[in-house]
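2 protein chains.
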Amino acid sequence: MPVGTQGTVKSVPQDALESLGAQIILGNTYHLYLRPGHEIIRRLGGLHQFISWPHAMLTDSGGFQVFSLSELRKVTDDGVRFRSHLDGSSHFFTPEHSIDVQIALGADIAMAFDECTEYPAERSRAEESLRLTLAWARRSLDHHRAHRDEVPWRNEFPGRAQSLFGIVQGGMYTDLRRECAERLVEMDFDGYAIGGLSVGEPRELTLEMIAEVLPLLPKDKPRYVMGVGYPDEIEQYARMGVDMMDCVLPTRAARHALLFTSEGRINIKNKQYAEDQNAPDPNCNCPVCRRYSRAYLRHLMQAGEGLSATLNSIHNLAYYLGIMQRVRASLEAAPASVAEPR
Amino acid sequence: MPVGTQGTVKSVPQDALESLGAQIILGNTYHLYLRPGHEIIRRLGGLHQFISWPHAMLTDSGGFQVFSLSELRKVTDDGVRFRSHLDGSSHFFTPEHSIDVQIALGADIAMAFDECTEYPAERSRAEESLRLTLAWARRSLDHHRAHRDEVPWRNEFPGRAQSLFGIVQGGMYTDLRRECAERLVEMDFDGYAIGGLSVGEPRELTLEMIAEVLPLLPKDKPRYVMGVGYPDEIEQYARMGVDMMDCVLPTRAARHALLFTSEGRINIKNKQYAEDQNAPDPNCNCPVCRRYSRAYLRHLMQAGEGLSATLNSIHNLAYYLGIMQRVRASLEAAPASVAEPR
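Note that the protein sequences, when read in sequence, are chains A and B. Using my numbering, you'd call the opening residue of the first sequence number 183 and step up by one each time. Using my numbering, you'd call the opening residue of the second sequence number 183 and step up by one each time.
No wet-lab data here; the hints were simulated from the structure. One should not assume that every hint holds.
A pair counts as met if it fits within one copy or between any two copies, since identical chains are not told apart.
As the list claims (entries may be wrong) - Pairs of lysine-lysine, DSSO-like flavour, derived with a Cα cap of 27 Å:
hint, residue 1, residue 2
1, Lys453, Lys403
2, Lys192, Lys453
3, Lys192, Lys451
4, Lys451, Lys403
5, Lys256, Lys453
6, Lys451, Lys401
7, Lys401, Lys256
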């Protein structure tokens, strides 16, 4: 899922996302709550209509950004008080408030409000974070069940409901992860995410946590690993049975000159590409690789041109979406042999 | 003609320009000479191939940017010594050198190296500038005639030749303008431009200079007014018989939140548009107005998102190109009554 932080996948027009075959994009609740504000988006018909994206969308709970971006945050059992990174204003987020904001945004999938455990974390810290996350999951679910018919599009799509996913935390402690997963499954969410990964831990640990938790999550509901990852990671996790992933990496790396290609990563700013007439990825059929050379992309980056971010991002997203398309195709061709973790 | 300063119409992908019906774009010789360098572009097959624009292109002579952007410039009869605005390096441009660079870039149309007279300018200064511009026009033409078959695409398109246009200067003195035009026409360029306008003078003066010069330029060759203008100006000049104009205004204004619409100019950053669900221009059929609201464009601008420049620029270019399409249609419908200045 390409990440559309502030209601836009940075520098990529919506029609370009469509032509790449993107089926679902993310919006960040924290950012949209602060600017332009969820009430404005509600009055404008919800996030789909506001940004003109008539396809699937998912909003996160805001929890991750509260912990990573905001200042002076203070966590209590009730919720989190924090200061906006934009203007220093003070805000208080509870599970109920996060859900209210997400219902106003009206994505197809909302996320329970969780507390993301940092890495590394002592066991006692991870236990406390787990306790909060489970309590907040319960409150998120209850509030969502009571109010989810208040989405802005309830009259246009009376048969549809917003889904709510629970988020498995527990730091890098497998028993805590298992406990969290089992308790969330008892609550019966519409889908399940594994959060708190890719926060600085070695990749072996990420993999271990996913392998531990995945078998505990119902196969007939979407299983989502949040915030991953590099191209080889997303392929590996998808083949293990992960249905959904999101990451800013393809677009953020693109803005910093890093292109993912079938021949490995290249830094398009390097002098060696100054006269390279090849496509960014000679084996890629995306609109950028069909039309432009490495020399041109290198020039755009060197010259500080806005088109650089657009073209680099379109290629990287095409590369990521291409991986998932190939994985899907191979799963469809041989479902029994690859759908299970081995 | 949309302006593609550094080999890109800022923030607008080439396919978007094509879908707007842009037939020709500009490149700035000064910028491309400094970065990535004309020899690199020559080795990459020329500017068309480098930026993947298989349609018409025009390069300016570099003179205007040398005078407006560079530092410590020193003008002699032979040429201009200047320092790069990028790194302070010293360069010397003569008419012959400007032509060599433009042949290496290989646009369809190159421009004679001129000295743009500032505004206001004393008559003695305008006379001196006119003397230089005429001498340099002669040298530009002679050098171009001797070398224009050295364009990078000479083997692919053996039947085609790069055109060279002369540039009428003369400040705001009608007799100097007339003298310049007559002398240039005697030299027999492939087309003629009127330069040194829109440099700070009142619009009445711009109009007076164009009205004075235009009848002296051959009707069977393109007549080009450089660096104009606002929407009502370009319509007025086109109806007077001007065939070509270029201006950074639609794209530069777009990046600063200014949209040109059928209802007048709007600053899309204004709070009044925060919840405005209308298209940027309700009477416009461009891809941006068909898909996005003023509220969304306002949010993108407020949030500092790169997509803001892209969408605003696409709309403004559509608005400008739409004006010219309407003028062309009305000229074709009633050529005799409007093709002549009245």
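A quick look at each hint next to the structure:
1. Lys453 <-> Lys403: Neither: 48 Å inside a chain and 43 Å across chains, both beyond 27 Å.
2. Lys192 <-> Lys453: both (26 Å within a copy, 23 Å between copies)
3. Lys192 <-> Lys451: both (20 Å within a copy, 19 Å between copies)
4. Lys451 <-> Lys403: The answer is neither: 43 Å in one copy and 43 Å across copies each exceed 27 Å.
5. Lys256 <-> Lys453: Answer is neither: 47 Å inside a copy and 32 Å across each miss the 27 Å cutoff.
6. Lys451 <-> Lys401: Intra 43 Å, inter 47 Å, cutoff 27 Å: neither.
7. Lys401 <-> Lys256: Neither, since 37 Å and 75 Å both go past 27 Å.
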